[in-house]
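Trainee: Protein sequence lines, in the order shown, are assigned to chains A and B. Mind the numbering: the first sequence is residues 86 to 235 in the numbering used here, read in order. Mind the numbering: the second sequence is residues 86 to 235 in the numbering used here, read in order.
None of these hints come from the bench; they were simulated from the model. The model shown is predicted, which means the values in this text are computed figures rather than measured ones. The reader is advised that the hints may include incorrect statements.
Identical copies look the same in the list; a pair holds intra-copy or inter-copy alike.
[Unchecked claim] Using 30 angstroms as the maximum straight-line C-alpha spacing, the simulated DSS-like pairs for lysine-lysine come out as follows:
{"no.": "1", "residue 1": "Lys217", "residue 2": "Lys149"}
{"no.": "2", "residue 1": "Lys154", "residue 2": "Lys118"}
{"no.": "3", "residue 1": "Lys149", "residue 2": "Lys167"}
{"no.": "4", "residue 1": "Lys149", "residue 2": "Lys118"}
{"no.": "5", "residue 1": "Lys167", "residue 2": "Lys217"}
{"no.": "6", "residue 1": "Lys118", "residue 2": "Lys167"}
{"no.": "7", "residue 1": "Lys217", "residue 2": "Lys172"}
{"no.": "8", "residue 1": "Lys172", "residue 2": "Lys154"}
{"no.": "9", "residue 1": "Lys167", "residue 2": "Lys154"}
2 protein chains.
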Amino acid sequence: MNNERQPATPNPLLQLENQLCFPLYALSRMITKAYQPLLQELDLTYPQYLVFMLLWEHQELTVKELGEKLLLDSGTLTPLLKRLEQKQWITRRRDPRDERSVIIGLLPAGQALQERACRIPESIAARLNMSKADFETLRRQLNTLLTQLA
Amino acid sequence: MNNERQPATPNPLLQLENQLCFPLYALSRMITKAYQPLLQELDLTYPQYLVFMLLWEHQELTVKELGEKLLLDSGTLTPLLKRLEQKQWITRRRDPRDERSVIIGLLPAGQALQERACRIPESIAARLNMSKADFETLRRQLNTLLTQLA
DNA sequence: TCTAAATTAATTGTACACAATTAAACATTG
DNA sequence: CAATGTTTAATTGTGTACAATTAATTTAGA
Chain A
86 MNNERQPATP NPLLQLENQL CFPLYALSRM ITKAYQPLLQ ELDLTYPQYL
136 VFMLLWEHQE LTVKELGEKL LLDSGTLTPL LKRLEQKQWI TRRRDPRDER
186 SVIIGLLPAG QALQERACRI PESIAARLNM SKADFETLRR QLNTLLTQLA
Chain B
86 MNNERQPATP NPLLQLENQL CFPLYALSRM ITKAYQPLLQ ELDLTYPQYL
136 VFMLLWEHQE LTVKELGEKL LLDSGTLTPL LKRLEQKQWI TRRRDPRDER
186 SVIIGLLPAG QALQERACRI PESIAARLNM SKADFETLRR QLNTLLTQLA
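From just these sequences and the hints, can you work out the full model?
Mentor: What follows is the structure, given as structure tokens:
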């Protein structure tokens, strides 16, 4: 395109490359996209993979707990979990001691996915051309910002 | 929940807190959420705001150029841009020199949004408890990773 | 030139993401 | 114990995201 005409007031604060938000937003999507071919082999989406990472560690979690850990609400989780239930990878049942809560549990097929997922983290790490130290520093910095906003 | 039962093979590589992807994914959403109340006053969503940041700078861009800069495809941009067109904030027209291309232009009402958006970046920066140096370092690191993956 | 290949948007279908509302179950308090 | 308020999921509606396909146009090659 012709970019001859310049804006009346070029405001560097309103330029994409000077923001933190944009590279964060774009990088998040690019990383998700990098997982996609690996997750496709397991018939998983990226948010579904995150749910399983938690279930593989804890076996059982309520929707509320999943939401707290993933910072997602029931409007996102409920349909996602129903899809996983339909595939017979997880169970959804009300907590008999508190009928408001829904407990999500792992079925054997869901548990079995873990073995196949084992290589994914290293495979992604290899793609990121970073030293282990840089990786750790960045991870901690992002987590600090995250707790600051959440 | 009862987390008494432990997994057969607790794999630290498959734990959320050891990933880079998760804080990136969550932080990206949290930052978008931090923009939301500010953008709501302008009747804008976050991706729409990104489109306007580019249009305020360049006046006119094709859908292809917007997609390259934002790393978004036409399946995302076309409906988003049609909504902005309906609000009379932008124009969409075919390039007469290449009828395949669609040129997006700013209408006065869309241009006028810029003045109201001016305070948003500082307002967000104030929320992030970071030094200017840390901000810059992080921004550059994210951009490096971004170009590495894109 | 005429056709095959490439480019560009749009469309279609699936899956998040989240605000707002609803409804059921539980807790609290007078 | 009854009324009120709180917690928890589910539902509804809007708006991204993106893979895959389609259609129109342009470009390049024989």
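Trainee: Each hint: holds or not?
Mentor: Now the hints, each set against the structure:
no. : hint             : in the structure
1   : Lys217 to Lys149 : neither (33 angstroms within a copy, 36 angstroms between copies)
2   : Lys154 to Lys118 : both (22 angstroms within a copy, 17 angstroms between copies)
3   : Lys149 to Lys167 : within (15 angstroms within a copy, 37 angstroms between copies)
4   : Lys149 to Lys118 : both (27 angstroms within a copy, 19 angstroms between copies)
5   : Lys167 to Lys217 : neither (37 angstroms within a copy, 44 angstroms between copies)
6   : Lys118 to Lys167 : both (23 angstroms within a copy, 26 angstroms between copies)
7   : Lys217 to Lys172 : neither (37 angstroms within a copy, 48 angstroms between copies)
8   : Lys172 to Lys154 : within (23 angstroms within a copy, 38 angstroms between copies)
9   : Lys167 to Lys154 : within (19 angstroms within a copy, 36 angstroms between copies)
Going through the hint list in order, the structure does not satisfy hints 1, 5 and 7.
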